[in-house]
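Number of protein chains: 2
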Amino acid sequence: MPTERKSPDAARRSRPARQAILTAALDLAAEVGYRRLSIEGIAARAGTGKQTIYRWWPSKGAVLFDALLALSENEVGEVGGQDGAAGLPDTGDLAADLKLVLAATVEELNNPRYSEPMRALTVEILENAELAATYRERLDQPVREMKKRRLLAAVAAGQLDPGTDLDLAIDLIWGPLQNRWLFREGPLTSAFTDALVDTALSGLAQASRRRTET
Amino acid sequence: MPTERKSPDAARRSRPARQAILTAALDLAAEVGYRRLSIEGIAARAGTGKQTIYRWWPSKGAVLFDALLALSENEVGEVGGQDGAAGLPDTGDLAADLKLVLAATVEELNNPRYSEPMRALTVEILENAELAATYRERLDQPVREMKKRRLLAAVAAGQLDPGTDLDLAIDLIWGPLQNRWLFREGPLTSAFTDALVDTALSGLAQASRRRTET
Numbered sequence: 001m002p003t004e005r006k007s008p009d010a011a012r013r014s015r016p017a018r019q020a021i022l023t024a025a026l027d028l029a030a031e032v033g034y035r036r037l038s039i040e041g042i043a044a045r046a047g048t049g050k051q052t053i054y055r056w057w058p059s060k061g062a063v064l065f066d067a068l069l070a071l072s073e074n075e076v077g078e079v080g081g082q083d084g085a086a087g088l089p090d091t092g093d094l095a096a097d098l099k100l101v102l103a104a105t106v107e108e109l110n111n112p113r114y115s116e117p118m119r120a121l122t123v124e125i126l127e128n129a130e131l132a133a134t135y136r137e138r139l140d141q142p143v144r145e146m147k148k149r150r151l152l153a154a155v156a157a158g159q160l161d162p163g164t165d166l167d168l169a170i171d172l173i174w175g176p177l178q179n180r181w182l183f184r185e186g187p188l189t190s191a192f193t194d195a196l197v198d199t200a201l202s203g204l205a206q207a208s209r210r211r212t213e214t
Numbered sequence: 001m002p003t004e005r006k007s008p009d010a011a012r013r014s015r016p017a018r019q020a021i022l023t024a025a026l027d028l029a030a031e032v033g034y035r036r037l038s039i040e041g042i043a044a045r046a047g048t049g050k051q052t053i054y055r056w057w058p059s060k061g062a063v064l065f066d067a068l069l070a071l072s073e074n075e076v077g078e079v080g081g082q083d084g085a086a087g088l089p090d091t092g093d094l095a096a097d098l099k100l101v102l103a104a105t106v107e108e109l110n111n112p113r114y115s116e117p118m119r120a121l122t123v124e125i126l127e128n129a130e131l132a133a134t135y136r137e138r139l140d141q142p143v144r145e146m147k148k149r150r151l152l153a154a155v156a157a158g159q160l161d162p163g164t165d166l167d168l169a170i171d172l173i174w175g176p177l178q179n180r181w182l183f184r185e186g187p188l189t190s191a192f193t194d195a196l197v198d199t200a201l202s203g204l205a206q207a208s209r210r211r212t213e214t
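Listed in order, the protein sequences are those of chains D and B.
Residue numbering for the first sequence follows full-length UniProt numbering, starting at 1 and increasing by one per position.
Residue numbering for the second sequence follows full-length UniProt numbering, starting at 1 and increasing by one per position.
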C-alpha cells in the first residue's frame with residue numbers, strides 16, 4: 001500500500017521497479033510459501049534494495065496484497081473479477097453473467113500462480129487483524145458492493161424480486177465456491193459454478209414467491 | 001490422536017489427566033492464540049509433564065484437534081454437531097432438522113471458547129498438509145458422510161428429489177455459514193441460517209424440477 005506521494009515523473013520512473021517487486025512477491029510466494037516469504041527475498045529477486053520496498057509498503061503482507069490486486073485487475077478485469085472499480089458484466093441476463101464471472105474465478109483459483117499466494121494471504125488475513133482491516137476496506141467491501149450493484153440492476157430489470165435479501169444472495173452465490181476452494185473440498189469446475197448459480201437463483205426466486213403468498 | 005494401547009485400567013486411570021490436557025489446550029488457545037500455544041504451556045496449565053502429552057499426541061495441533069472433537073461431542077452431540085458417530089436429527093422434516101443443526105452450529109461459532117480455537121485450527125489446517133489430511137479423515141469426511149446420510153433419508157422420504165446433487169446441496173447449505181464465520185462477513189444468527197436452509201432447499205427442488213421438464 002504505497003503511502004508516499006510522488007511527482008508524476010517520479011511515479012513513471014518507479015513503475016518498472018514497482019512491477020518487478022510485485023512480480024517477485026508473487027513468484028516467491030508460490031515457490032516458498034507465505035511463511036518463508038521475506039522482504040529480503042523479494043528485494044533480491046526483484047533486483048532492488050530492501051529500502052525501496054519499505055519506502056512503498058509496510059510489510060510483506062502488504063506487498064503480496066498489492067501484487068494480487070494488480071494480478072486480478074490484469075487477468076480478469078474484463079469480467080469484473082476482483083477489481084472494485086470495474087463492475088460485474090451486465091448483459092441483462094443475470095444467470096449468464098454470474099456464470100461467466102464464477103467461471104473466471106474458477107479459472108483463477110485453478111491457477112497456482114494466483115491461488116497459492118491468495119491462499120497464503122487468506123491465512124494471513126485470518127490471523128492478522130490489521131491486514132484483515134485493510135483487506136476488508138480495499139478489497140472485500142468494494143467487491144461486495146460491486147456484487148450488490150449487479151444484483152440491484154437485476155432487481156431493476158425484473159430478474160430478481162425486490163424483496164430479495166442481497167447479503168444472503170451474495171453468500172449463497174459466492175460462499176460455496178470460496179469454501180470449496182479454501183478447504184479443497186471438491187473439484188473447481190464451471191459445471192459446479194453453473195449449477196451453483198442456477199440453484200441459488202431458483203432458491204432466491206422461490207423464497208420471494210413464498211414471502212408474497214404469506 | 002492417542003496411538004498407545006492401554007489396558008482398560010490404565011485407560012481409566014489416565015482419563016482425568018487426558019481431560020485436564022484437553023481443557024488446558026482449549027483455554028490457552030483462546031487466551032494466547034494458536035501461534036503462541038505450546039506443549040510446555042499446556043503441560044504447565046494441566047499440571048502434567050510434557051512427556052505425558054507427547055506420549056499421547058504428536059503435536060500441539062493434534063492436542064487441540066482432539067480437544068475440539070471432545071468439546072463438540074459434549075456440547076452439540078445431541079443435535080449431531082460435529083460428531084461423526086452420531087447422525088443428524090431426523091424427525092421427517094428436513095428443513096426443520098437442518099435449521100436445528102445450523103442454529104446449534106451458530107451457537108457454537110458465537111462462543112469464543114469454541115470458535116477461537118476452531119479458527120486457529122482452521123488456519124493450521126490450511127497451512128499444514130499433514131494435519132489437513134488427519135482433519136479430512138477424522139472430521140471432515142465423516143461429517144460430510146453424516147450430512148449425506150441425512151439428505152439420502154430425505155430422498156427416501158420424498159422430501160428431496162432423487163436427482164439432487166448431494167455435494168452441491170451440502171456446499172449450498174453449509175458453505176455460506178462457514179464462509180461468513182471464517183471471514184467475519186456478517187452476523188451469525190439463526191435468522192440467517194433459517195433463510196439459508198429455506199433458500200437452498202427451494203433452489204434444489206427447483207433445479208430438480210427443471211431437470212425433469214427438459
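Keep in mind the hints are simulated off the structure, nothing from the lab.
Check the hints yourself; a few may be wrong.
[What the hints assert, rightly or not] Calculated Cβ distances over 12 Å to all of chain B for the following chain D residues:
no., residue
1, A44
2, L88
3, A156
[Said to hold, decoys possible] Beta-carbon label-pair distances, calculated as ranges:
no., chain 1, residue 1, chain 2, residue 2, range
4, B, A44, D, L152, 33 to 39 Å
5, D, R149, B, Q19, 49 to 55 Å
6, B, E137, D, A129, 56 to 62 Å
7, B, R36, D, T189, 37 to 43 Å
8, B, P187, D, V155, 28 to 34 Å
9, D, P187, B, G92, 21 to 27 Å
10, B, R210, D, G92, 18 to 24 Å
11, D, R36, B, P142, 32 to 38 Å
12, D, N110, B, R15, 42 to 48 Å
13, B, G92, D, P58, 42 to 48 Å
14, D, L152, B, Y54, 26 to 32 Å
Note that beta-carbon positions come from the ideal geometry of N, C-alpha and C, so glycine has one too.
Outcome of the hint check:
1. A44: 24 Å, holds
2. L88: Answer for D:L88: holds, closest chain B Cβ roughly 18 Å.
3. A156: 21 Å, holds
4. B:A44 - D:L152: 33 to 39 Å: 56 Å, violated
5. D:R149 - B:Q19: 49 to 55 Å: 53 Å, holds
6. B:E137 - D:A129: 56 to 62 Å: 32 Å, violated
7. B:R36 - D:T189: 37 to 43 Å: 40 Å, holds
8. B:P187 - D:V155: 28 to 34 Å: 23 Å, violated
9. D:P187 - B:G92: 21 to 27 Å: 33 Å, violated
10. B:R210 - D:G92: 18 to 24 Å: At 21 Å between Cβs, range holds.
11. D:R36 - B:P142: 32 to 38 Å: 33 Å, holds
12. D:N110 - B:R15: 42 to 48 Å: 47 Å, holds
13. B:G92 - D:P58: 42 to 48 Å: 57 Å, violated
14. D:L152 - B:Y54: 26 to 32 Å: 57 Å, violated
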